[in-house]
Every structure is written in C-alpha cells, then in structure tokens.
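With the hints as extra help, turn the sequences into a complete structure.
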Amino acid sequence: MSTSAQIFRQNATRWAGDVEHRHRIEKALRGYEIKRDEYKGRFQSWAEARRAAAAVKFEVINHLDKYLEQFVKNIEARGAKVFWASDAREAREYILQVARDNKAQFIIKSKSMTTEEIHLNEALQEAGFEVFESDLGEFIVQLREEPPYHIVFPAMHLTRGQISDVFQKKLQAEPVQDPEALTMIARRLMRQKFCRADMGISGVNFGVAETGMISITENEGNARLTTALPRIHVAVMGIEKLVRSMDDLALFLPMLATAGAGQHLTCYNTLYGGPRLAGESDGPVQFHLVLLDNGRTRILADSEQRDALHCIRCGACLNVCPIFRNIGGHAYGVTYQGPIGSVITPHLRGLLEYKHLPFASSLCGACTETCPVGIDLAHHLLQNRRNAVAQKPPLLDKILFFGFKLLMKKPWLYRFGMGMARLLQPLHELIKGTALDPMRPWTKTRQTPKFARKSFRAWWQARNPQS
Amino acid sequence: MNGSREKILGCIREALKTAAHPPEPGGKPLPSPAPAPPQFRQWLPRVGESFEEQCQLFASNAAMLRAVFERVPSAAAAAEKINQIARAEQWEKIATHRHPLLDEVLQRVEVARLYTDNKYALEELEACPAAVTACEALVAQTGSVLVSSHACGGRAVSILPPHHLVVASASQMAPDLLSAFAIVRQKYEGHYPSMLSFITGPSRTGDIERILVLGAHGPKQLTIILVG
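Here the protein sequences line up with chains G and H, keeping their order.
This note's numbering puts the first residue of the first sequence at 598, with every later residue one more than the last.
This note's numbering puts the first residue of the second sequence at 43, with every later residue one more than the last.
Please note that the accuracy of each hint is not assured.
Listed next, the in silico PhoX-like pairs over lysine-lysine satisfying Cα-Cα at most 20 Å (straight line) [unchecked claim]: (1) H:K59 with G:K663; (2) H:K135 with H:K123; (3) G:K670 with H:K49; (4) G:K678 with H:K49; (5) G:K700 with G:K790; (6) H:K135 with H:K161; (7) G:K663 with H:K49; (8) H:K135 with H:K262; (9) G:K700 with G:K678; (10) G:K1006 with G:K995; (11) H:K59 with H:K49; (12) H:K262 with H:K123; (13) G:K790 with H:K262; (14) G:K1041 with G:K1029; (15) G:K1029 with G:K1047.
These are computed hints drawn from the structure, not numbers from a lab.
Set out below in structure tokens:
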C-alpha cells in the first residue's frame, strides 16, 4: 500500500469517528440543501438547463484549441499578458518573476483552488513575499496553517470558538464568539492590507472566448477589492474554464450559484478584461493571465472521462457525497476533495498513487445526479478503479479471483468448500477480530453473517425432489 | 514570452483526435448543436413581460437579498431620499462620479463629494461612508445591479465604501441577465470597459458556521433608488 493511501486510511478512520465533526457538517449542509432546492425550484426546468450547460461545455471542451486561441487573442488585444504554463512549476516561476520584476512586497489573494493546486502561497512565502488570503474562510485556514477543507466552504469544519481562538492567538483579537463580530475583525484587518497591497492574485471561474474576459464569482467582495486596488493583477486559470460567449454566463452564473451555494446568484459576478483602460480612473495597470495545464490535457486525452473537464468547481458533488460527509475534506489529503477530486486527482497526480480515492466511494450516484453540468462522476470513479487494476493487478485480488474461478467451475469443490466453511465457522468465533483473524479488516467493526443451517441447494432439493 | 503555448495546444490537438463520449445527464442525449443563448430563457426562472411585473420581481428579490429598493417619481424625490439617509447616517462626504442623472440628483444633495472619474486618492475614498453611483442596468430576474468601470466611476467606488447607493432610471430595468448583456453589447460592442460587475445584494459571507453576515469586505448596505 502506498503512503498517500495509508495516510488517507488513517485520516478517514479518525475523522469518521469524530461524531461532533459529522454533526457539524450535517448541520451546515442541511441549510445548504434547503436553499439549493428552493432555487432549483425557481428554474422553469433545472433538468433541461443542466443538459444545456452540459452541451455548451461539451462543445467548448471538444473544440478547446479553437476556443482557447480565440480567448487568448481577444484578451491579449485588451492588454493582458498571457502566460501558458504546462505545469505547476512553470506557473509558480512566472508569477514569482512578475512579483520580482515589479518589486512587489505585499500580495493579497482572493479565493482560488487553482493557486492551491500549484502551491503558490508556499512558493511566494519562501521567496520572501508576504501573502494574505482575503476570503474569510481562506484567511481562517491560512491562520490555522491548514489547507481549505472544501473547495467552496474552506472553513466549514470549524466552530466559532475555534475561529475565535485562532484570531486571539494570531491577531491578538478580542475574545468574541459572535460570527458577525468575528467577520468584522477580519474585515478591519483586511481593509488595511487591501490598501497596502501592490499585487492581487485571483482565480478565474469562466473565461469568455467571445470577448476575451474572465469572470469571477464571489460573495464577499474581496475579489473585487483584489482586482481594484493593487497595481498588478495576476489571474490563474485552468485551460478548461472556457465558455463560448458572455451570453453563456446567463446560464452558468445562476447554475453555479444554485448548485454551489444555494443562492440564485452570488453577490458579485464580475467580468474583467485586462488592465484599466485609457480614461478609467483606477484598477491595475498590469494584468497577467496564467493559463494552467498541469495534467488537464491528460484528462482531455482520456476520451471516456473527458467530460470531467466540464467541471465548474461548484462543490455540489462534495455536499451530497456520503463519503465526504463522513470523513470530511481534510482526510482526502489533496486539493480537490470529494467525488470530482477522486475522478481528476488520479489523472493530475498519478493513478497508482491515488487509486485509493476512487475506491473510497459507495457508488451511490448522488454526485452524478447533482452535477449541474452532467458529469457522470460515479461511472468515472468505476473507470478509474478499472484502469488502476488493469495497470497493476493487486496480487491478493489475483489469488482470490483464481480461487473463486476454481470454486465456480467445479460444483463438487464448491459443495465441499461450503460444507467445510459451515463446520468451521464456530471456530472463527474464537479468533474473531484478533490479529490471527484473516478476516480482521472486515470483522473488527462488523458482525460476520452466520451461515444458514441448511444451504440453499439442500433446501431447494428437499422442496423439489424431482429436479 | 508566452511559456508553453505550442506544447499545450499540441497536446490538446493530439487529445481531440479521439472523439469523446458525450455524457447523458438524466439518461437523455445532449442537445446537438449546443443550445444558443436565447433558448436559455425557457429554462431559467420566469420573468414577467411588463415593466410593473419586472419592478415587483426586482423589489421582492432585493428584499430577500436584504438590499433596500425605493421607487421615486423624480430626481428631486431621489435627492430628498438621499438627504434623509445622509442625515440619518451623518455622512460628511460621499464618493460619486459624473453622470447626467446623478448630476441632476446630487445638485440637490448637500454633502461634500469626492469624484472618482479622474485620479483620486485611495485614502480619501476609504474615508467616505457612502458611494452614490449610476448603473448600466438593473436585472429583475436576480435583483442585481450591473455596474461598469466606464460608466460607474471606476472599479473601487462601488466596493470600498460601506454603503453603496445606486441611482437608476426606469429605462434601465432589464428582465434578465441576457438582456443586461444585450444592453452592454449594444453600448460597447468591441470596446467593453475593463470591468463589468453584477452586484446582487450587499456583500455577504457564510464562512463561519454557515451563518449569514452582511458586509464581509464590500458594502454592508446596498440601496437602489429607481427614478421614474
């Protein structure tokens, strides 16, 4: 078993046993579910809107070269500097270079999972830059020196008490517990940072090919400030995040908000096209767009799973996933948690190293059902399992299936085996759950089913003596 | 310097040589070709056709979002409203920008002004308790205000001061996001401002125990005054 799988298993066991944590997540998600269903219900047809969104994404992803070139040509014409990064290192180095060239000292960030993916904060800090996350949830987990717990709700695992503690410890804040008071502490502090920052880094929710603009979705206004006050704006965008036109956003913005946060539209949905233009009084004078591949073209090359690139990172599949709801976001140990993470992480970081993620699924299909862009996540999890086994069949599986095949092919052997098992089962009671038990991983937390006194075969023959 | 442009485009073209399996959400094949945006209207939330219906929808959305929406008959009435708020909140200086409707309203408002159309000092804007701006459109379907860096005083004025007050004219009411995009397309085609922002209610967060708090980073209050 590989290291990341071992760590995953330990963490998952620990988190799943934390009943308070589970209650907290259940409670947080219950409110989300009510609002999500209310806003879905406002659509004249959510099902058709979903198929339309899937069709638009299918069109764009399957002509990605065309749309990317159109997008880049248009955004460059608006004064953006576009950098194509084939991996995380190239992206980090370019951003560090921009920071150095401009003698930036103080960097403010708005929420971006893509920058988490390339571990940008660590790289900037190591190079001596001060970096502040401005999204409240991200700011809290940054203070706690933790990765985001959820791609949309980074601090959903924390209580107000824990947040108050970290504010007191790291910010010498007043010992307040009220969410409003805590939010205001962060607001006041961030105001000073925003006014001092010379570089702002953001993610991108959608790239609009038609007009050469990026769209950023948020609730707090921190992305608006990040892109308004500092003199340099760097946006980091996965190459798959495109839509055809501005008008496509009329569908995608409400769907993202509904599926992701249970809102009809999030508070700020903003299109940016490059740096400030002649005649505009504020905004950054430089705009850099980093286009990131980092394994996305590998997903594109897997024609079976190409639609995983339709993902708009709404987080809906995490919210409905029984695994996520039990083990939480930190147990995964990767940037993208939940079903979508278990589909794409093996592509981004290596199938054999991360094959435990697709196996950690009940295949209930809730993710497939909820995905606003129609990604068949549950099937992709199965395909990842199949591909992992095909790449490197586990020895134990091979032995087990060899034995199973033998039993199935020889009825006398099957009858003999079942008879023996029925006879020996009482002996299993003596070692059940101990180190001697060959079934221990199963029996340590579960009951072993008892063999029936009479086998189905014997029972059937007794009922139908003529057959 | 454009990095690995050719390499990435090469990988994409190589990958796309194999056709993909289209997903079938809900067990039905995807519409092909992908729907044109005007078709989206039949699936998105319904919006009434008359101005009155749209105004009502906007008002109910605004209320739900905890924004304040007021309809007034004239610029003078709008000015009176702003004066009331200015007195109640003891504004000493407001941030604003040049715009025919705003000029007409604000000439009757007796509060000092910081104009953000031209170069301004950030500290001065930060010190303003309120901003009064125009907008590009109002969106009935979502209760949103569309502002731009070109016509609404730049990027910072609508996000930095704690109270954002929008003055709109009745002709700016758009039924949905598609119509709002049509308005800016017609106005700017090919020369879009560097920022277009849909503002849907006052700034908010739910990052602490999923409890709603207004005024996370942006304005705590959003007031929309519709003239006419």
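Numbered hints the structure breaks, given as an ascending list: Of the numbered hints given earlier, the structure breaks none, since each of them holds.
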